Amino acid sequence: GAGVSQSPSNKVTEKGKDVELRCDPISGHTALYWYRQSLGQGLEFLIYFQGNSAPDKSGLPSDRFSAERTGGSVSTLTIQRTQQEDSAVYLCASSLVRGGAKNIQYFGAGTRLSVL
Amino acid sequence: DQQVKQNSPSLSVQEGRISILNCDYTNSMFDYFLWYKKYPAEGPTFLISISSIKDKNEDGRFTVFLNKSAKHLSLHIVPSQPGDSAVYFCAASVIGPGGGADGLTFGKGTHLIIQP
Numbered sequence: 001g002a003g004v005s006q007s008p009s010n011k012v013t014e015k016g017k018d019v020e021l022r023c024d025p026i027s028g029h030t031a032l033y034w035y036r037q038s039l040g041q042g043l044e045f046l047i048y049f050q051g052n053s054a055p056d057k058s059g060l061p062s063d064r065f066s067a068e069r070t071g072g073s074v075s076t077l078t079i080q081r082t083q084q085e086d087s088a089v090y091l092c093a094s095s096l097v098r099g100g101a102k103n104i105q106y107f108g109a110g111t112r113l114s115v116l
Numbered sequence: 001d002q003q004v005k006q007n008s009p010s011l012s013v014q015e016g017r018i019s020i021l022n023c024d025y026t027n028s029m030f031d032y033f034l035w036y037k038k039y040p041a042e043g044p045t046f047l048i049s050i051s052s053i054k055d056k057n058e059d060g061r062f063t064v065f066l067n068k069s070a071k072h073l074s075l076h077i078v079p080s081q082p083g084d085s086a087v088y089f090c091a092a093s094v095i096g097p098g099g100g101a102d103g104l105t106f107g108k109g110t111h112l113i114i115q116p
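Each protein sequence line maps, in turn, to chains A and B.
Numbers 1 to 116, taken from our numbering, label the letters of the first sequence in order.
Numbers 1 to 116, taken from our numbering, label the letters of the second sequence in order.
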């Protein structure tokens with residue numbers, strides 16, 4: 001597709017369940033990023049991938065969060081044993097390259113996660 | 001500890017007038033700055049960026065000004081149009097000598113309302 005695609009667009013789950021969020025970046029983009037936007041807050045950086053390199057996980061809020069990127073393209077963000085404070089919009093972005101003065105990240109529409 | 005601050009949660013401007021959105025940052029390592037625009041239920045859309053080696057960048061109706069000594073940047077929109085009504089996020093990153101710029105650090109956003 002032409003843009004970053006995320007699925008599902010909305011996800012409602014019960015506390016304690018695991019969820020998987022998917023991101024399909026723009027074709028040819030080597031860098032992929034996950035962010036979280038809680039209500040009334042700015043975007044919080046979670047993790048990024050550059051090609052097939054090991055990701056920088058330093059932004060993940062707890063060990064219940066994990067992400068992988070298969071084949072340098074599609075990425076999945078997994079949240080285990082969800083808690084109510086995990087409720088947020090999860091946004092994925094991709095950029096052509098990592099770094100440089102043109103690190104313009106293009107965002108998907110996000111997945112709105114609600115933990116009941 | 002918020003490294004990027006947008007102190008005005010909302011701003012109302014009359015159509016045709018100039019809109020000025022402000023952003024302050026605390027991390028002196030930031031050397032690349034971006035503005036994103038976000039409509040409800042959509043992901044942020046890149047608007048304009050500026051490198052720390054410049055103090056002004058212009059693109060059509062949008063101009064970004066950077067004052068490094070004050071750690072302040074602003075986005076000017078002139079003339080303002082109804083379609084400009086959206087939430088505007090300021091973001092910053094560190095390019096660094098290795099050319100790496102990873103996750104962006106975002107402000108909380110300013111909701112711009114253009115009144116007819």
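Quick caveat, the hints were computed from the structure, so don't treat them as lab data.
Computed from a predicted structure; not experimentally measured.
Warning: the hint list may mix true and false statements.
To be verified - Distance windows between CB atoms, simulated: (1) B/Gly16 x A/Arg81: 21 to 31 Å; (2) B/Ala41 x A/Arg64: 24 to 34 Å; (3) B/Gly16 x A/Val12: 39 to 49 Å; (4) B/Phe46 x A/Arg81: 27 to 37 Å; (5) A/Pro61 x B/Phe46: 23 to 33 Å; (6) B/Gln2 x A/Gln80: 21 to 31 Å; (7) A/Thr76 x B/Pro116: 26 to 36 Å; (8) A/Gln41 x B/Asn27: 39 to 49 Å; (9) B/Gln115 x A/Val97: 18 to 28 Å; (10) B/Gln115 x A/Arg64: 20 to 30 Å; (11) B/Thr45 x A/Ser114: 35 to 45 Å; (12) A/Ser7 x B/Phe46: 42 to 52 Å; (13) B/Asn27 x A/Val12: 48 to 58 Å.
Backbone N, C-alpha and C define an ideal beta-carbon position, used for all residues, glycine too.
At the C-beta level, are B/Gly16 and A/Arg81 separated by a distance inside 21 to 31 Å?
-> With Cβ atoms ~53 Å apart, the hint is violated.
Does the Cβ distance between A/Ser7 and B/Phe46 fall inside 42 to 52 Å?
-> violated, 22 Å
Satisfaction of the hinted span 27 to 37 Å by the C-beta atoms belonging to B/Phe46 and A/Arg81 = holds, 35 Å
Assessment of proposed distance window 48 to 58 Å (beta carbons of B/Asn27, A/Val12) = violated, 37 Å
Given a hinted range of 20 to 30 Å, is it respected by the beta-carbon distance of B/Gln115 and A/Arg64?
-> Violated, since B/Gln115 and A/Arg64 (Cβ atoms, about 44 Å apart) do not stay within the stated range.
Taking the beta carbons of B/Gln115 and A/Val97, is their distance inside 18 to 28 Å?
-> Because 40 Å falls outside the window, the suggested range is violated.
A/Thr76 and B/Pro116, beta-carbon distance inside 26 to 36 Å?
-> Violated: the Cβ-Cβ distance is about 44 Å, outside 26 to 36 Å.
Using the Cβ atoms, figure out if A/Pro61 sits within 23 to 33 Å of B/Phe46.
-> Given about 26 Å between the Cβ atoms, the range holds.
May I ask you to test the hint 24 to 34 Å on the CB atoms belonging to B/Ala41 and A/Arg64?
-> Holds - the Cβ-Cβ distance for B/Ala41 and A/Arg64, about 27 Å, lies within 24 to 34 Å.
Just tell me: holds or violated, for the beta carbon distance of B/Gly16 and A/Val12 against 39 to 49 Å?
-> Hint holds: Cβ distance 43 Å, inside 39 to 49 Å.
C-beta pair B/Gln2, A/Gln80: status relative to the range 21 to 31 Å that was hinted = holds, 29 Å
Could you check the hint for me, namely that A/Gln41 and B/Asn27 are 39 to 49 Å apart, CB to CB?
-> violated, 18 Å
In this structure, the earlier hints numbered 1, 7, 8, 9, 10, 11, 12 and 13 are contradicted, and the remaining ones agree with it.
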